Amino acid sequence: MGRSQLTSLLKFDLREAFDSVAFTVYDWFFFGFQFFIYGEILSKLVITLPNYLFYYGTGLLILMSFNVASWSGRRFVESAHEGRLRYLLSLPITRGEMFLEQLLIGVIINLTRVLPPLVVILLLSGLYTPYTLALSLVVLTLCTIGIMGLMVSLSVIAFKSFDIYSAIVASLSAILIRFSTVNYPISSMPSGYADASLSNPVTYGADLLRAAVGINTSVLLDPAFAATVVIALCIGTVFLGMFFLSTVVEGVKSS
Amino acid sequence: MSTEQTVVTIRERQAMFRVLQVDLSYFFRTKWLIGTLVALNISDMLVAGLVYTNMMSINYFYFFVPGVIVSGMFAAALDVGRRVNLGLNEGVTQYYLSLPVSLNGLSFAHIVSAGLGGTIYGSILLGVAVIFVPKLASPITLAIVPLFFIVSMGLGGIAAILNLVSKGGDRYWVFAQGVQMILLGMSTVFYPISEIGAFFPSLVTNAISLNPLSQVAGTLRNVANSEPISLTGFGLVFATSIILFLVGMICYRYVFQKVWEVGKF
Amino acid sequence: MPVAKQSFDITSSEISEQKEEEFAVISTELSKDYGKKRALNRLNLKIDKGQILVLLGPNGSGKTTFLHLISTVLKPTEGTALVMGYDIRREPLKVRQVSAISFQDPRGFWRHKPAQILSFHASMYGVSGEERKRKVEETLKDFELWESRSTKFMHLSGGQSKRLEVAKLFVHRPKLAIFDEPTTMVDLDGKRMMWDKIRQLKEEGSTVIVATNEVREAEYLADKITILANGEHLVTDSLERLKDSVKGGDIVDLEFALPIEDNLLKLVQNIQGTAESKLVSESRLRIRVNRSEDWLPIMTDKMHEVGSNRITSIKVAEPSLDDVFLEYTEKTA
Chain A
1 MGRSQLTSLL KFDLREAFDS VAFTVYDWFF FGFQFFIYGE ILSKLVITLP
51 NYLFYYGTGL LILMSFNVAS WSGRRFVESA HEGRLRYLLS LPITRGEMFL
101 EQLLIGVIIN LTRVLPPLVV ILLLSGLYTP YTLALSLVVL TLCTIGIMGL
151 MVSLSVIAFK SFDIYSAIVA SLSAILIRFS TVNYPISSMP SGYADASLSN
201 PVTYGADLLR AAVGINTSVL LDPAFAATVV IALCIGTVFL GMFFLSTVVE
251 GVKSS
Chain B
1 MSTEQTVVTI RERQAMFRVL QVDLSYFFRT KWLIGTLVAL NISDMLVAGL
51 VYTNMMSINY FYFFVPGVIV SGMFAAALDV GRRVNLGLNE GVTQYYLSLP
101 VSLNGLSFAH IVSAGLGGTI YGSILLGVAV IFVPKLASPI TLAIVPLFFI
151 VSMGLGGIAA ILNLVSKGGD RYWVFAQGVQ MILLGMSTVF YPISEIGAFF
201 PSLVTNAISL NPLSQVAGTL RNVANSEPIS LTGFGLVFAT SIILFLVGMI
251 CYRYVFQKVW EVGKF
Chain C
1 MPVAKQSFDI TSSEISEQKE EEFAVISTEL SKDYGKKRAL NRLNLKIDKG
51 QILVLLGPNG SGKTTFLHLI STVLKPTEGT ALVMGYDIRR EPLKVRQVSA
101 ISFQDPRGFW RHKPAQILSF HASMYGVSGE ERKRKVEETL KDFELWESRS
151 TKFMHLSGGQ SKRLEVAKLF VHRPKLAIFD EPTTMVDLDG KRMMWDKIRQ
201 LKEEGSTVIV ATNEVREAEY LADKITILAN GEHLVTDSLE RLKDSVKGGD
251 IVDLEFALPI EDNLLKLVQN IQGTAESKLV SESRLRIRVN RSEDWLPIMT
301 DKMHEVGSNR ITSIKVAEPS LDDVFLEYTE KTA
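Chains as they are written, first to last, in this note's numbering: chain A, 1 to 255; chain B, 1 to 265; chain C, 1 to 333.
Be a bit skeptical, because a hint or two may be false.
As the list claims (entries may be wrong) - The calculated PhoX-like cross-link candidates involving lysine-lysine, where the alpha carbons are at most 20 Å apart (straight line), are: (1) Lys11(A) - Lys133(C); (2) Lys278(C) - Lys302(C); (3) Lys266(C) - Lys49(C); (4) Lys278(C) - Lys266(C); (5) Lys202(C) - Lys135(C); (6) Lys202(C) - Lys191(C); (7) Lys94(C) - Lys113(C); (8) Lys11(A) - Lys152(C); (9) Lys264(B) - Lys113(C); (10) Lys152(C) - Lys264(B); (11) Lys152(C) - Lys167(B); (12) Lys75(C) - Lys94(C); (13) Lys11(A) - Lys113(C); (14) Lys175(C) - Lys49(C); (15) Lys113(C) - Lys135(C); (16) Lys247(C) - Lys278(C); (17) Lys224(C) - Lys278(C); (18) Lys167(B) - Lys31(B).
Said to hold, decoys possible - Looking from chain A toward chain B, a few residues come up when the C-beta cut is under 7 Å (computed): (19) Phe36; (20) Ile37; (21) Val46; (22) Ala167; (23) Ala170; (24) Leu172; (25) Ala174; (26) Arg178; (27) Tyr184; (28) Ile186; (29) Ser191.
Read the hints as simulated data drawn from the structure, not as lab findings. The structure displayed is predicted, hence computed values, not measured ones. All residues carry an ideal CB built from backbone N, CA and C; glycine is no exception.
Input sequences plus hints: build the corresponding full structure.
Next comes the structure, spelled out in structure tokens:
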């Protein structure tokens, strides 16, 4: 009975997620504008890194995945406040299945959003092969799961208040995105920043994606080590999310 | 004016003020949330600005800080406008229509609240930026605050247009992000006009330099570099904002009229 | 007025002889705290299978909290409950497989349409294929939602969204159906229709729990009524016995052929079960008694013995459930 219910829930949520294409189109527009205008102009200003445009473009893909993961957490908080969560909690599925469904939704939405921009980057950089495409998608999926596990875990702690969650996510994105190699390599950072970035898993996700695509390989961290960190992040945050969801989560206060 | 009319006017002003307060309180609802947002912008200045400076031929930090202030002001003004969007969805607008305030008064209050939101947030960022760019600690900087208000009022007008276009739905946020990206991207907020000129045809380059956001960022840079500020730029910003304000008034009026007539938008 | 709480609480007397399997819900010391506030305090309650139990209580009495606890939406702070034999702490999934809840305020799926919502709900309880389609259509029609089946939830009226919330439980008919204020926001015709459907659910074998603060709803539906106040369980009993439990709840109007004299008044006042007596006119007397069916035979015997004044009319009025409700809840207040 469990699998069919999971499928039902997944279908139901996906229908809602894709009901409005505005967000997906916005993401593509965001990428197009940032890559073709902002990135292009910025790459002319950057003199220390050749091909900065593609470095920047792959960073945008990580940023898009980060946004989808944040959205998943936010959606979870919203569902608690809108009364949807308590309904889901009353349905005959386990909390673990519920968490898994959340992850799957995030992964599917993210893949839909990052696929076209990824193909654009691979084609324009001349690095497109089925292998680089598949490998890049795997890395982006791992990154999404890792960040999403973290965001859903946070949302479980903070879902009593939107403001707390917003502040945590805003602070986290400030730290995780800025102190990472999403937009610039370790070699260009002042030493303190470089140390902070090296302890940030997003750095490893971004560099692993670039290694999968084959961009600026000389300034990247060791791909094997990066892959280990990303996989560890994934497993760690998924367990964390599972743990929080099965032990902490309950419907919002009622009279 | 009869006593009765005077009372009505005073009541309407009070109601408008309350609407404005509610709009603003949505954005500035908790000190620590604003603190977090400000910290986010500071981290932009101090991390992205400094790292990019290491990667570029120009001192990008001094160029970037005014850009962050302008983009923060922009985001704040549109976010206050989002309160109207939520109000349309949550039935708050219907409540406002039951208050002693005219449709014009309600529209005006919403646009002014966006204007004030942008001004307050932009001023906070400007105050913080003075620490990193000491030359901004100039009496001329005070003249920039009214400029923020004028631009933010125009942005309040844009928020009204977005509310009309998004039909009160979730798309407001998407449209707001899109407009923000286009208006900031097609300006000199984040990159110098020389690079833009090399990338776009001259017609587009001219339009970008006339963008009010370019003008505000340019004014801030002029102050930071102890250069004279352009009064023509001020005039341009003023004219554009007035037009956007008027268009915004028409849009909100239409939206509220619709809510009044059919109960929803 | 003293309240004979325990003597009418059949959960503590008669039920003790029943076996565990005969109960749909057995809560043991079930408690829930929201921060420092205790919303439900050590609730011990047994709910018979195949019956409609109405939970009656003022706002904030803990009705919704109790329903959320037994449907595993909330976690108990202390104590536990068995729902159809499954422990809400140790076997929450099994609890959810045999029960379903219709929430007080219908929210959550703003952009979905009634047909989608019901279809999804049915699929979650294993109703599939053609049967699901048929059940959804039938339920939409039964609950007068067929016309608005393709309208987004957010555009439904308050009454329609409430009907949809209740209708969810009719597409799969759970063994334990829980309704939290099922007819608020619904018009009178709608209420009648929904009450009939809920009773039908019971007739088809489900156990039903209905939380309400609407006395008329309780009177219409209840096999048994549980009254909660301030998170405490006050009483559980049938409507009849609850009415009887109100001391001085029955009102007897006696009309005499001649003016009432003092000795006759004293005689009436001394009859066992008289709570209060009052002269309405010189020949009419209003007496509040505990149980009119016990009191009246004694009174007529005494009158017969005295024989000085003839009774020309006797009128008896029972207490309403409102009186019962107020009697119990005012005591705790």
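Restraint check for Lys175(C) with Lys49(C), where alpha carbons must lie at most 20 Å apart: Given pair Lys175(C), Lys49(C) holds - Cα atoms ~9 Å apart, limit 20 Å.
Is the interface hint satisfied for Val46(A)? The criterion is a beta-carbon contact with chain B at less than 7 Å. holds, 5 Å
Under the criterion that the straight-line Cα-Cα distance not exceed 20 Å, is the pair Lys152(C), Lys264(B) satisfied? Given pair Lys152(C), Lys264(B) holds - Cα atoms ~14 Å apart, limit 20 Å.
Pairwise hint evaluation, Lys278(C) against Lys247(C), where the allowed Cα distance is 20 Å at most: holds, 17 Å
Quick check on Leu172(A) please, does its C-beta sit within 7 Å of some C-beta on chain B? Violated, about 10 Å.
Restraint satisfaction for Ala174(A) [CB to CB of chain B, less than 7 Å]: Hint holds; Ala174(A) Cβ to chain B Cβ min 5 Å, cut 7 Å.
What's the verdict on Lys152(C) and Lys167(B), does the C-alpha distance respect the 20 Å limit or exceed it? holds, 16 Å
Compare the distance between the alpha carbons of Lys264(B) and Lys113(C) with 20 Å, and conclude whether the hinted pair is satisfied. Holds. Lys264(B) to Lys113(C) sits at ~19 Å (cutoff 20 Å).
So if I understand the rule, the pair passes when the alpha-carbon distance is 20 Å or less; does Lys11(A) with Lys133(C) pass? holds, 17 Å
Please check whether Tyr184(A) passes as an interface residue: C-beta within 7 Å of a C-beta belonging to chain B. With a minimum Cβ separation of about 5 Å from chain B (threshold 7 Å), the hint on Tyr184(A) holds.
How about Ile37(A): closest beta carbon in chain B under 7 Å, or not? holds, 5 Å
Let's test the interface hint: is any C-beta of chain B closer than 7 Å to that of Ala167(A)? Holds - the Cβ of Ala167(A) comes within 7 Å of chain B, reaching about 4 Å at its closest.
Checked against the numbered hints given earlier, this structure breaks hints 3, 7, 17, 18, 19, 24, 28, 29; the rest are met.
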